[in-house]
Amino acid sequence: MNRRLPTNLVIGAVLVALVVGVAALSLVWTPHDPTLMNIRGKFADPSEAHWLGTDQLGRDVVSQLMAAARNSMTVALVAVLLGGSIGVALGLFASAVGGWVEDGVMRLADLGFAFPALLFAIMLAAVFGPSLSNAVLAIAFINIPIFARVTRGSANQIWTLDYVSASRAAGMNKFVISRDHILPNIAAAIIVQATIEFAVAILAEAALSYLGLGAQPPASSWGRMLSEAQTLMYLAPQLAIYPGLCIITAVLGFGLLGDGLRDISDPRLSRQR
Amino acid sequence: MSVPLLTATGLTRHYALPRTSLLRPAPLLTAVDNTSFTINAGETLGVVGESGSGKSTLARMVMAFETPDAGEVLFQGQNIHALPAPELRKLRQQFQMVFQDPYGSLNPRRPVGWSIAEPLRAIGEDENTNRRVKEALEQVGLHADAADKYPHEFSGGQRQRIAIARAIVTRPALLVADEAVSALDVSVQAQILNLLMDLQDDLGLGILFISHDLAVVGAICDTLLVMQHGKPLEAGRTADILRNPAHAYTQSLLTAAGVHT
Ligand SMILES: Nc1ncnc2c1ncn2[C@@H]1O[C@H](COP(=O)(O)OP(=O)(O)O)[C@@H](O)[C@H]1O
Ligand SMILES: [Mg+2]
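Quick note, the sequences are listed as chains A and B, same order.
Counting from 1, position 20 in the first sequence corresponds to residue 19 in numbering that gives the first Met the number 0; the numbering is continuous, with no gaps.
Counting from 1, position 2 in the second sequence corresponds to residue 1 in numbering that gives the first Met the number 0; the numbering is continuous, with no gaps.
FYI, nobody ran anything at the bench for these hints, they're computed from the structure.
In this text, a Cβ means the ideal position worked out from N, Cα and C, and glycines have one as well.
Each hint can be trusted.
Within a straight-line C-alpha distance of at most 30 Å, the following computed DSSO-like cross-link-like pairs (lysine-lysine) qualify:
| hint | chain 1 | residue 1 | chain 2 | residue 2 |
| --- | --- | --- | --- | --- |
| 1 | A | K173 | B | K148 |
| 2 | B | K89 | B | K133 |
| 3 | B | K148 | B | K89 |
| 4 | B | K133 | A | K173 |
| 5 | B | K148 | B | K133 |
| 6 | B | K89 | A | K173 |
A short, non-exhaustive set of chain B residues, derived as facing chain A with CB atoms under 10 Å:
| hint | residue |
| --- | --- |
| 7 | M62 |
| 8 | L87 |
| 9 | Q95 |
| 10 | V97 |
| 11 | G103 |
| 12 | R109 |
| 13 | L119 |
| 14 | A121 |
Whole structure, please, built from the sequences with the hints as guidance.
Written out as structure tokens, the structure reads:
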């Protein structure tokens with residue numbers, strides 16, 4: 000048997016380690032204060048002091064990219080954890096109770112699917128004002144139906160196993176069965192989904208910040224760096240390229256990692272190649 | 000004999016088949032059709048029939064995993080499908096089940112003692128749980144130390160003993176065994192059947208014993224119910240049916256099982 004790890008898993012893990020490492024490093028150290036402006040030193044070329052140069056306000060680009068990585072990870076983590084826990088709880092509940100309750104929860108989830116996250120964020124921004132926490136809520140919201148559906152689908156399979164029937168025959172409460180038997184057996188599927196949704200959340204945060212609905216100045220964000228660089232495309236194209244590359248690295252990294260985890264956790268689920 | 004341990008009357012269960020046309024409603028498959036039987040305390044009723052004849056569906060209704068579309072199951076005089084959920088969960092201590100696949104009926108992530116204790120935890124039993132788990136293990140011929148091991152450390156026959164230990168740990172009045180020996184080697188089958196009969200003598204268990212193998216059923220059952228395509232074909236004392244089958248179908252099961260009369 001071929002025991003080599005899948006390529007997508009290895010590449011994904013390396014990219015994720017890079018992005019998460021940089022984000023963690025930014026907690027304790029960045030070359031410069033990412034928000035420190037220096038108008039006289041704007042559009043500086045890469046140098047020993049500013050490895051990737053400075054932007055239109057003279058801020059150090061590397062420091063901004065690092066701080067933005069941290070913000071992006073935080074947003075994705077909170078949003079996926081929040082939306083994921085609610086979704087998993089709903090999915091477990093629907094699967095345990097069954098009948099019209101299950102149907103009702105899943106129809107609600109369908110409704111959530113039909114509702115685009117960007118639209119929801121714009122709505123939140125219109126009502127409560129644009130802010131990073133509203134962006135987090137919007138991204139968390141789109142995760143609820145996704146996790147509810149994955150959880151319910153995997154849970155329904157586990158409910159048919161004999162040892163779950165034995166537990167029911169024992170007179171065990173359905174919610175205790177969900178905790179003792181169902182959740183441990185679907186944890187792998189949920190972790191895979193969470194990794195993939197992490198990638199989606201990073202992209203969503205970048206898009207919302209690009210539209211001005213996410214991170215507000217002076218907080219750094221890849222999406223906002225992109226939108227600020229947009230007007231300067233001819234003058235300083237590199238200012239758009241750097242955050243763009245960062246977004247690609249992070250999204251690709253988590254996406255590949257999720258794919259790879261799925262390949263090793265359940266060969267049946269992986270796509271045929 | 001006073002009131003039977005279990006009485007099933009007119010049990011019927013339909014399943015919806017996949018739709019064949021958008022315009023017509025989904026066709027129904029009758030998995031169990033108007034089937035009645037009784038089990039007395041301390042006696043074994045065997046249900047035989049080829050695969051697909053509705054035996055497992057019958058077991059699931061007796062265990063109240065599924066609700067019949069018609070008919071009722073009276074256990075110790077109570078209609079189990081009409082009981083409120085909390086009362087049914089309490090009554091479940093009294094009727095337990097042993098499953099076919101000894102590899103699927105124990106959670107591989109848990110020590111077997113944890114699995115055996117599950118019916119006790121369901122009623123919130125605490126200080127005596129460990130002692131009763133060990134007792135149950137010894138009753139099925141295993142060492143009390145087995146409680147701390149994991150299912151993969153045991154053979155198929157040992158796992159089936161563990162599954163039986165879980166089923167008797169609450170001292171039930173009825174045991175439902177659905178193809179409980181079908182997945183085992185013939186020599187192991189005999190050991191498990193002997194164990195079931197010993198337990199029956201010790202505990203006064205009523206047993207609903209389901210199998211496709213008339214040889215196995217014939218060996219341990221007092222009464223028989225022969226099923227085909229969900230329908231009860233014949234019922235009666237085991238000895239009478241084996242000696243003098245009323246249907247060609249029963250005769251063919253006898254031949255398939257290698258029982259010659
Ligand atoms: N959950 C179900 N959904 C649809 N059909 C089922 C279901 N369970 C059983 N059946 C069908 O009911 C019939 C009886 O099945 P079963 O009770 O498992 O028979 P046996 O245990 O005697 O082999 C079979 O035709 C089977 O395909
Ligand atoms: Mg069956």
